[in-house]
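The listed protein sequences derive, respectively, from chains P and A.
Under our numbering, residues 68 to 435 are what the first sequence spells out, in order.
Under our numbering, residues 5 to 176 are what the second sequence spells out, in order.
It is possible that part of the hints are untrue.
[Stated by the list, open to error] Derived DEER-like restraints, expressed as beta-carbon distance ranges:
1) A:169 to P:120: 32 to 42 angstroms
2) P:142 to A:105: 55 to 65 angstroms
3) P:246 to A:109: 48 to 58 angstroms
4) A:144 to P:184: 42 to 52 angstroms
5) A:135 to P:152: 47 to 57 angstroms
6) P:131 to A:135: 28 to 38 angstroms
7) A:46 to P:297: 31 to 41 angstroms
8) P:138 to A:159: 30 to 40 angstroms
9) A:152 to P:199: 28 to 38 angstroms
10) P:332 to A:46: 19 to 29 angstroms
[Claimed, not checked] To be clear about the criterion: a stretch of chain A counts as covered by chain P if any three or more of its residues have a C-beta under 8 angstroms from a C-beta of chain P, and this derived list gives those stretches:
11) 58 to 65
12) 82 to 96
13) 143 to 152
Worth flagging that the hints you see were computed from the coordinates, not collected in a lab.
Backbone N, C-alpha and C fix where the C-beta goes; we use that ideal spot for every residue, glycine too.
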Amino acid sequence: MAFRDGPFDQFKVPLVWTAAVVVVVALIASVLLILVDRRHDADADGYGPVRAGIDAGAGPLNGIFAAPVRWAGAASDYFGGYFFAVSENRRLKKELEELQPWRDQAIALKNVNARYEAMLGLRTEPVVTLATARAVSESRGPFAKSFLLDAGSDKGIRIGNPVITEQGLVGRIVGVTGGVSRMLLLTDVASRTPVLIDRTDARALLTGDGSGNPKLEFVRGVGAVQAGDRVLTSGDGGGFPRGVPIGVAARGIDGSWRVKLFSDRGAIDYVRIMLFQDFSQLVATDALNAAPLAGLATAPAPSATQAAAIGDAAARRARTPAAAGPGSARPQAAPTRSGPTVPSTATQVPAPPTAAPPVPVPAGGGAA
Amino acid sequence: MRRSMQVRVVGPLQWVIYPALIAMAATLLLATPVELFGLKLPEPVLPMVLAFAWPLIRPSMTAPAVLFGLGVFLDMFWGGTLGLWPLCLLAIYAVVLGSRNLLAGQETQVLFVWYATCTLGAFLLAYLVVSLHAGHAPSLLALLGQVIPTLLFFPIADWMVRRFDDGDVLFR
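Only chain P is shown next, with the shape it has when bound in the complex:
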């Protein structure tokens, strides 16, 4: 019997139902994607190959769109510079006169600072090399604020590298492919940057919320911030070098402290990526975690002889008259290397040698 002759020959599923099934399946897939999203992870694995592929394709394409805009801007600057050369020259001369004393002071302070560092034997941060890139695409919505840059791992750029303009810090790298990288702006809702207030050295966390002026949160101390204070990176956590300028503090409409970014003074076109490595990666963590620290948790249990000596010493200490006041001279036992010492009440738990309390030894010098 053919199918069309059977009981299902008139059976038709309404299109609305089939569409609804697809919608439900797609909705479930969307929720699952949100749950497994690892955009905010700082490691390279969080930036999946699909994201990297789309960036690699969109970067050059948007570079084509951005090129005419850049040419128009350059032409406008050229004609503007031609027509306003005289006023520009006067302004620059005035600015130069103001900056010359600052330059002399900076040279003197640099010299003094270098002397102090040498005398104190400070371990200063290494010089950070820079890579230049051009912004080719921008997302400026409330839920994501980022730029695609036309330089990637081929220039040594890595995830976490800070990005600056001539004005100050603008963001950090969150994704890298061969020739394109994605920069997360300070204003993105997922951006968190440890900062300090230049005047008071107070620490805070710069938190983006999708608006043009990120918030200053977790400000420590009373009166630590005033309107107009310069905000710099603190370098806490090792993600950014210390002292990169960010902006000035200002009160927001909602009364919270916000930061007017220096990078807003001009368009973000050409940027420089600081090939800065988290300084915590520069030390050998294996060496830090090796003995004696590692030995603290694995100290051997005392032998029978040592346990007897410990018990004896503890018993003698318990019998010591309490009349021996704090000012009286009490003989101190030299820390023994033969094994750990534990209080008499501590029965089976071995304590580290350095952490054991000093055990008083009587004048007779009781030996174990």
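Starting from the known structure of chain P, fit chain A onto it as the hints suggest.
This is chain A only, laid out in the frame that chain P set:
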């Protein structure tokens, strides 16, 4: 003399695929980093227009699948939370599909009210998801900066509904 009669078939290519490609191209174009007198290009969520128009034109299995792809593209291209825009776009599609019988043949003003309601609902959903995911609520002013340009694209949705509704003889 017998004259040949041409029958114009309006298939998914015309009302689903081409508009989706145009929306992607426009999104790419609007992402160009241009700043004139301190103003930047707007960033509307253009696929919301399609999410509203497609279920009104006709129910389809292709449209929600393409909508899902468009949402993933937006997440990837804008560098946002993966799955955010597919969820919001499909939420609009589901609501309009459910109220299709109510909206069929309505005036443009009524359609705009529904479009605005659906768009605001989708943005509210996105706001909640991002707040939960990032542990921090985005700025409402910044949100308005994306909602208003998206609302201004309603005429395209209205045009699509009038252009493609019953365009396929199979659905007359």
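- Item | Earlier hints that do not hold, by number | none
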